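Protein chains: 2
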Amino acid sequence: MDLSRLFNPASIAVIGASQDERTISGQPIKYLRKHAFQGRVYAVNPKYTEVGGYPCFADIASLPETPDLAMMAVAAARVPAMIEACGRKGIRFVILFTAGFAEVGGEGIRLQDELAATARRYDIGIVGPNCQGIISTANDVYAGFGGPYEFRYKAGPLSLVSQSGGFGFAVANMAEDAGVGLRHIVSSGNEAVLGVLDFIDYFIDDPDSEVLAAYVEGLKDARRLLEVGRRALHRRKPILVWKVGNSEAGANAAASHTANLGGSAALYEAVFKQAGIVRVHDSLELADYAKAFQGGKLPKGRRMAAITVSGGAGVLVADELIAQGCEVQPLSPETTAKLRDVVPTFVKLSNPIDVTAGLFDREDMLEKALAALLDDPAIDGLAILVASITGKLAERVARQIAEAHARQDKPIVVWSSTRRSVAEEAYAIYEAARIPLYPSPVRAGQSLAMLSKYAAAVERVEGLAEAPPLVISRPDVRARLSGRTQDLSEFEATEVLAAYGIPVTRQRLARTAEEAAAHASELGFPVALKIQSPDIAHKTEAGGVRLSLNDRAAVAMAFAEIVANAGRNAPAAQIDGVLVQEMLAGGTEVILGVTNDSQFGPAVMFGLGGIFTEVLKDVTFRIAPVARPEVERMIREIRAFALLGGARGRPRADLRALADAIERLSALAMDLRDVVGEIDINPLIVFADGGGVRAVDALIKPRR
Amino acid sequence: MDLSRLFNPASIAVIGASQDERTISGQPIKYLRKHAFQGRVYAVNPKYTEVGGYPCFADIASLPETPDLAMMAVAAARVPAMIEACGRKGIRFVILFTAGFAEVGGEGIRLQDELAATARRYDIGIVGPNCQGIISTANDVYAGFGGPYEFRYKAGPLSLVSQSGGFGFAVANMAEDAGVGLRHIVSSGNEAVLGVLDFIDYFIDDPDSEVLAAYVEGLKDARRLLEVGRRALHRRKPILVWKVGNSEAGANAAASHTANLGGSAALYEAVFKQAGIVRVHDSLELADYAKAFQGGKLPKGRRMAAITVSGGAGVLVADELIAQGCEVQPLSPETTAKLRDVVPTFVKLSNPIDVTAGLFDREDMLEKALAALLDDPAIDGLAILVASITGKLAERVARQIAEAHARQDKPIVVWSSTRRSVAEEAYAIYEAARIPLYPSPVRAGQSLAMLSKYAAAVERVEGLAEAPPLVISRPDVRARLSGRTQDLSEFEATEVLAAYGIPVTRQRLARTAEEAAAHASELGFPVALKIQSPDIAHKTEAGGVRLSLNDRAAVAMAFAEIVANAGRNAPAAQIDGVLVQEMLAGGTEVILGVTNDSQFGPAVMFGLGGIFTEVLKDVTFRIAPVARPEVERMIREIRAFALLGGARGRPRADLRALADAIERLSALAMDLRDVVGEIDINPLIVFADGGGVRAVDALIKPRR
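For the record, the sequence lines run as chains W and Z.
Each residue of the first sequence is one higher than the last, beginning at 504 in our numbering.
Each residue of the second sequence is one higher than the last, beginning at 504 in our numbering.
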């Protein structure tokens, strides 16, 4: 949906405008006037002919033109009719402040459904209900109510949308205090029609929105985040997402607030990785990162340098850069030689390089030192720690840094502990040049490292374009599972896996003891026997498993015992037979899984078996389909990867076969997304390099 | 050392005072005058009779009285003589700004040693060298140089010492911006005489220093932190420590800066836990936490509630509290009933309770809601999220919160997103009442959770008073290891462990094949054989180990092989014999260790064996001696504790025997601290409950 007219309307109507500017219905007119909106403004209210200096009409139909945008704060019960009237007038955008919809439950949900249906019939883009409005700084559009509309925001590159009005403006204030200007601010409320992703989608195409941000409690169309995020990445428009509602108590509060369901934290994390979305955890972090992006430069790698007048600050920035995955390597001999000619002789030429306050003694010293560091091809970004210089000195230093920033393409971050009041000119220079300036070396380091992670994500995600995910189509399997409501037995489940090329344990289903013994002979001893019944989920506990059977007699006896146990433990259970399986020795147990989430669609999980999954929660998710390079990253990103990679004298596991299995499981998850709800392969055994993998047990639940 | 005269001098001399106030030696006089220091001030400089309005004397000896404090910025080479002159005059405190000492190495180290020796001879407390001075707000003592001295600090409860001048003042500025007043600020420089802990020690006894803070790059007397930290805890004076230099690159930079060696990060973490010291990672966090402590109330437990006018803010604060280990439980029926009568009917009475902006509609609503929540005995602390109210309303709300804060003893934190300019009166009320006010719900939640962690630490550490650590004295073992330079063989090492009551594998040392066979018969089969030689560290690689030997013949043959392998692989090795050991089945492998750190003294380590230690680094440290309750916390705090606690159907391990072993190892580490440098028990096998533990292999390195 093209939202240009919403953010740059030529005319605005305020439906139900009040002359009492203390009320919610009085404020929209007040703020349009206060901020000198240049377009045409109409009030609609049968009681008046004029409100706040603007002409007032009795009803929507009577307006002298079709306004680009209407604002509305009428009582909830009257809203559907008013939306209908807007539709008949041809109005394309409505900002709806009224509360009392889905967020209160019951009748509110019905009312919201009704207005959404009406909006869809007329193709009206509704912002809200239960929202605080929008601001578009370049066009003086201050279309909302409440305290935040008292202020003007400095125009700039940050466009943000918030599911909470309060937070949207809190973030905007913090960004502005940090020196980052705003382009659009949206409070999206209950999102009956337009949601966070519709706004982000529009910002991507808006040339003046350079940095995008969202405060998100939950998305109904979370899977779309992958597509929107990747489109933004491709256009080099970083998206900062502040996603809340991680803890259980938190998730409940979020659900009661915006009537959205909070998607699972793990799947959000997955999509952030897969789309290069930058996650933040507080308003200050959002402002810090927006500032870093505002600098407009991305590092080519993660090799960072720091130049400091304070040793302690150098330590802090190095600590933080390294903790965040950057490298802080010794300087090259060439750069060291260049610096030797520039800095005082007692300076140790390490990285960070602590030049002491002597850096500012000679006018050209900083300039030359910056040139030496920035010209070094082994340095991808620079932190400059100037500490607490003031007045003219601070101004000169700022000018030299701005020149260095302008003449090349490596990112620079600056730490200054000076109070603004004693370095006004310097602060103005940094802001004009959009150089990210931080009040602590830790935050300077963190922001520089974040740029490097984003740059890596760009490369990673763009690389996926050349690696289309594997697609496997098995209409026969889809058809077989269609309409199925019962869980699949282990035998059926492994058959499904095998159909998609995932290696499974060699096995046969036996219905008699003789059949079992014959199968065992064919498979070769030892074998395992497992009861197969859709009604027995915990086979071992039901006495339905026997392992390490070494001859036909043992197999026949075990068959009888298992069936007898099943009859005793679950007399009503439907018994499909007993599975005869080859026994495998050695290898490492891993777990693969699929969850078909209502908001994200199918996602694939990988982790190490046993304690690593159950106690340490050392697992990773990706939204399917997962392309091969991303599969390989999944394998390497779990903490216990070393166990597969050959640590502690173990043989290196067959990582290629493991990646094949995950890739095929992703293809399966996509192909069966309409019929399968959940899959657990536990364990999949990964043998030593060249030995392949084998799914030993599997559970498939149909989609319900 | 009593530092009262340093922080509250009646008279100050400035040695080498210059009339040029742009220079370092001119500024101390300038700032004493600027901030109207009320005591007597003398300049010392043969060139003048007056400096900046104060009388000037030719030399120290000529001063008309012995000043309480001298400041000095003379050239480094002249410093030792000047200190000597101060000593002869009877001066007890010197602030030494001059740089060029240990931080530059070489001759600087020698000069620093010399001045320290002189200071000790005359019992002079030196601040510095290479420092920026001190500030004591209550007495108008601004004794230093540089930009920060241009400002006056608001008086308040925070006293801080910093090993970096720049950071000390950056933190002080940030604290003041956050509404926290300062009492003392110290830049401790190279710490030739007085170090961070001397200042903290003094602050503990200073009644007006209520919250203590330190910026630390490295401590030479790190073990003392335990005693100083516990003393502070006992007096309920929280210590906030910002410790830097964690990464390798960071540690190097720190060493080059303050000429201190950075102690190991793990041991600092241990001592922070053991003494209830609060670690911070940035200046803003330090200011946030100082503000929380300034409130003066500690929670009795970790059950928190939040009341909010913004659903999103409620989610954020709940997320953060839970992530930091607090509980956010549903409200009790009693409290729910009380609130039902107070808040609007549509409000859902959950925790966090989202009362919407309606909370402010009736004058008494907030007051009654706060009373209901704070009177609930199942609530230990409260976050109040008022979002963006302004003017008179904000003032009324602040007043009601201040009343609630004053009349009871549970901590309250407040989030307001209002800009100060539109709520001046409210901000003033919060500050006067010392109510911690934060600009983000995340930081409010984090700070409240920190108070709860500190309160838990107080209880934990105070509890140790009733649990004196185990002491074992074995002068015979000490004597045997005295003067030893070679590592102990496995046999000798396990003998040492056994002497302290740590159960070890049953074993005998054999010198012939026959002896080995006889020992094996006594121990019972199967047994293991291991070569014993101080020259063979890697026994398995040298062919020096044979496992699972089931009869006398196998033992005799294995003996011959092992000795032959040793002769081939290490012809010059001294062979002490072959160890015959019982073989143990089952149990869980853990690792115990001791490191005798040059700064911390002996410390004890515990972790799970194999991958958990080597790959996941899942280990924990404590400075010895470790009392029993602390031993039990060590066991429970590793991530993989579930493996010992009975997860996944495993039997619960013998945790009592494990705790015994750690406690005894701690006693051993203390008893042998002068002779042992390092111990590794790898593995110690922990059997199922009641089965005890057994040290299977051990390495002891003497202290060198």
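Among the hints, a few may not be true.
Mimicking DSS-like on lysine-lysine, the simulated pairs with C-alpha atoms at most 30 angstroms apart in a straight line are [unchecked claim]:
1) Z:Lys-657 <-> Z:Lys-956
2) Z:Lys-723 <-> W:Lys-851
3) Z:Lys-956 <-> W:Lys-895
4) Z:Lys-550 <-> Z:Lys-537
5) W:Lys-841 <-> W:Lys-740
6) Z:Lys-800 <-> Z:Lys-723
7) Z:Lys-841 <-> Z:Lys-740
8) W:Lys-871 <-> W:Lys-913
9) Z:Lys-956 <-> W:Lys-1120
10) W:Lys-1120 <-> Z:Lys-1120
11) Z:Lys-851 <-> W:Lys-723
12) Z:Lys-1120 <-> W:Lys-956
13) Z:Lys-537 <-> W:Lys-895
14) W:Lys-657 <-> W:Lys-800
15) W:Lys-913 <-> W:Lys-841
16) W:Lys-841 <-> W:Lys-803
17) W:Lys-740 <-> W:Lys-800
18) W:Lys-803 <-> W:Lys-723
19) Z:Lys-657 <-> Z:Lys-592
20) Z:Lys-895 <-> Z:Lys-803
21) Z:Lys-895 <-> W:Lys-537
22) W:Lys-550 <-> W:Lys-592
23) Z:Lys-803 <-> W:Lys-657
24) Z:Lys-913 <-> Z:Lys-657
25) Z:Lys-956 <-> Z:Lys-913
26) W:Lys-956 <-> W:Lys-895
27) Z:Lys-956 <-> Z:Lys-895
Residues of chain W clear of chain Z, computed beta-carbon distances all greater than 12 angstroms [claimed, not checked]:
28) Phe-672
29) Lys-723
30) Trp-745
31) Lys-851
32) Leu-877
33) Ile-892
34) Gln-911
35) Ser-920
36) Pro-1006
37) Glu-1140
38) Arg-1153
39) Met-1173
These are calculated hints, taken from the structure and not from any lab test.
Please read all numbers here as calculations on a predicted model, not as lab measurements.
Even for Gly, the Cβ is constructed at its ideal location relative to N, Cα and C.
Comparing the hints with the structure gives:
Of the pairs offered as hints, the one joining Lys-657 (chain Z) and Lys-956 (chain Z) holds, with about 29 angstroms between alpha carbons and a cut-off of 30 angstroms not exceeded. The straight-line distance between the Cα atoms of Lys-723 (chain Z) and Lys-851 (chain W) is roughly 23 angstroms, inside the 30 angstroms bound, and the hint therefore holds. At roughly 46 angstroms between alpha-carbon atoms, Lys-956 (chain Z) and Lys-895 (chain W) are farther apart than 30 angstroms, so this suggested pair is violated. Between the alpha carbons of Lys-550 (chain Z) and Lys-537 (chain Z) the distance comes to roughly 23 angstroms, so the proposed pair stays at or under 30 angstroms and holds.
Under the criterion of a C-alpha separation no larger than 30 angstroms, the hint pairing Lys-841 (chain W) with Lys-740 (chain W) is inconsistent with the structure, at around 37 angstroms. Our distance criterion of 30 angstroms between C-alpha atoms is broken by Lys-800 (chain Z) and Lys-723 (chain Z), whose separation comes to about 34 angstroms. Proposed proximity of Lys-841 (chain Z) and Lys-740 (chain Z) is contradicted: the alpha carbons are some 37 angstroms apart, above 30 angstroms. A threshold of 30 angstroms between alpha carbons decides the hint, and for Lys-871 (chain W) with Lys-913 (chain W) the separation of about 16 angstroms falls inside it, so the pair holds.
Under the criterion of a C-alpha separation no larger than 30 angstroms, the hint pairing Lys-956 (chain Z) with Lys-1120 (chain W) is consistent with the structure, at around 25 angstroms. For the suggested pair Lys-1120 (chain W) and Lys-1120 (chain Z), the alpha carbons sit about 16 angstroms apart, so the restraint of at most 30 angstroms is met. Taking the CA atoms of Lys-851 (chain Z) and Lys-723 (chain W), the gap is near 23 angstroms; set against the 30 angstroms cutoff, the hint holds. Restraint check: the Cα-Cα separation between Lys-1120 (chain Z) and Lys-956 (chain W) comes to about 24 angstroms, which is no more than 30 angstroms; the hinted pair holds.
With a C-alpha separation of about 22 angstroms, the suggested pairing of Lys-537 (chain Z) with Lys-895 (chain W) holds against the 30 angstroms cut-off. For the hint pairing Lys-657 (chain W) with Lys-800 (chain W), the CA-to-CA distance comes to about 22 angstroms; that is within 30 angstroms, so the pair holds. Restraint check for Lys-913 (chain W) and Lys-841 (chain W): satisfied, since their Cα atoms lie roughly 19 angstroms apart, inside the 30 angstroms limit. Restraint check: the Cα-Cα separation between Lys-841 (chain W) and Lys-803 (chain W) comes to about 23 angstroms, which is no more than 30 angstroms; the hinted pair holds.
Between the alpha carbons of Lys-740 (chain W) and Lys-800 (chain W) the distance comes to roughly 12 angstroms, so the proposed pair stays at or under 30 angstroms and holds. A C-alpha spacing of about 36 angstroms is found between Lys-803 (chain W) and Lys-723 (chain W), which places the hinted pair above 30 angstroms, so the restraint is violated. As the CA atoms of Lys-657 (chain Z) and Lys-592 (chain Z) are separated by approximately 35 angstroms, the hinted pair breaks the 30 angstroms bound. For the hint linking Lys-895 (chain Z) to Lys-803 (chain Z), the alpha-carbon distance of about 34 angstroms lies beyond 30 angstroms, and the restraint is violated.
Taking the CA atoms of Lys-895 (chain Z) and Lys-537 (chain W), the gap is about 22 angstroms. The hint holds against a cut of 30 angstroms. With a C-alpha separation of about 21 angstroms, the suggested pairing of Lys-550 (chain W) with Lys-592 (chain W) holds against the 30 angstroms cut-off. Distance hint between Lys-803 (chain Z) and Lys-657 (chain W) is unfulfilled; the C-alpha atoms sit about 46 angstroms from each other, more than 30 angstroms. Restraint check for Lys-913 (chain Z) and Lys-657 (chain Z): the C-alpha separation of about 27 angstroms stays at or below 30 angstroms, so the hint holds.
Straight-line distance between C-alpha atoms of Lys-956 (chain Z) and Lys-913 (chain Z) comes to about 14 angstroms, which keeps the hinted pair within the 30 angstroms bound. A hinted pair counts as satisfied when its Cα atoms are at most 30 angstroms apart, and Lys-956 (chain W) with Lys-895 (chain W) does not qualify at roughly 36 angstroms. Restraint check for Lys-956 (chain Z) and Lys-895 (chain Z): the C-alpha separation of about 36 angstroms exceeds 30 angstroms, so the hint is violated. A Cβ of chain Z approaches the Cβ of Phe-672 (chain W) within 12 angstroms, the least distance being about 7 angstroms, so the stated non-interface status is violated.
Interface exclusion of Lys-723 (chain W) from chain Z stands, the closest Cβ pair being 17 angstroms apart, more than 12 angstroms. In this structure Trp-745 (chain W) is not separated from chain Z by more than 12 angstroms, as the shortest Cβ-Cβ distance comes to only about 9 angstroms. The beta carbon of Lys-851 (chain W) is not kept farther than 12 angstroms from every beta carbon of chain Z, the shortest such distance being approximately 6 angstroms. The Cβ of Leu-877 (chain W) sits about 20 angstroms from the closest Cβ of chain Z, beyond the 12 angstroms cut-off, so the non-interface label holds.
Not every CB of chain Z is more than 12 angstroms from the CB of Ile-892 (chain W) (nearest about 7 angstroms), against its label as outside the interface. With a closest Cβ-Cβ approach of about 24 angstroms to chain Z, Gln-911 (chain W) is found to remain outside the 12 angstroms limit, as its non-interface label requires. With 12 angstroms as the threshold on Cβ separation, the claim that Ser-920 (chain W) sits away from chain Z is violated: the shortest Cβ distance comes to roughly 4 angstroms. The claim that Pro-1006 (chain W) lies off the interface holds: its Cβ sits roughly 26 angstroms from the closest Cβ of chain Z, which is beyond the 12 angstroms cut-off.
Distance check on Glu-1140 (chain W): its Cβ is at least 14 angstroms (rounded) from any Cβ of chain Z, clearing the 12 angstroms threshold; non-interface status holds. Interface exclusion of Arg-1153 (chain W) from chain Z breaks down, the closest Cβ pair being 9 angstroms apart, not more than 12 angstroms. For Met-1173 (chain W), the requirement that its beta carbon stay farther than 12 angstroms from each beta carbon of chain Z is met, with the minimum near 32 angstroms.
When the structure is compared with the earlier hints, violations turn up for hints 3, 5, 6, 7, 18, 19, 20, 23, 26, 27, 28, 30, 31, 33, 35 and 38 and for no others.
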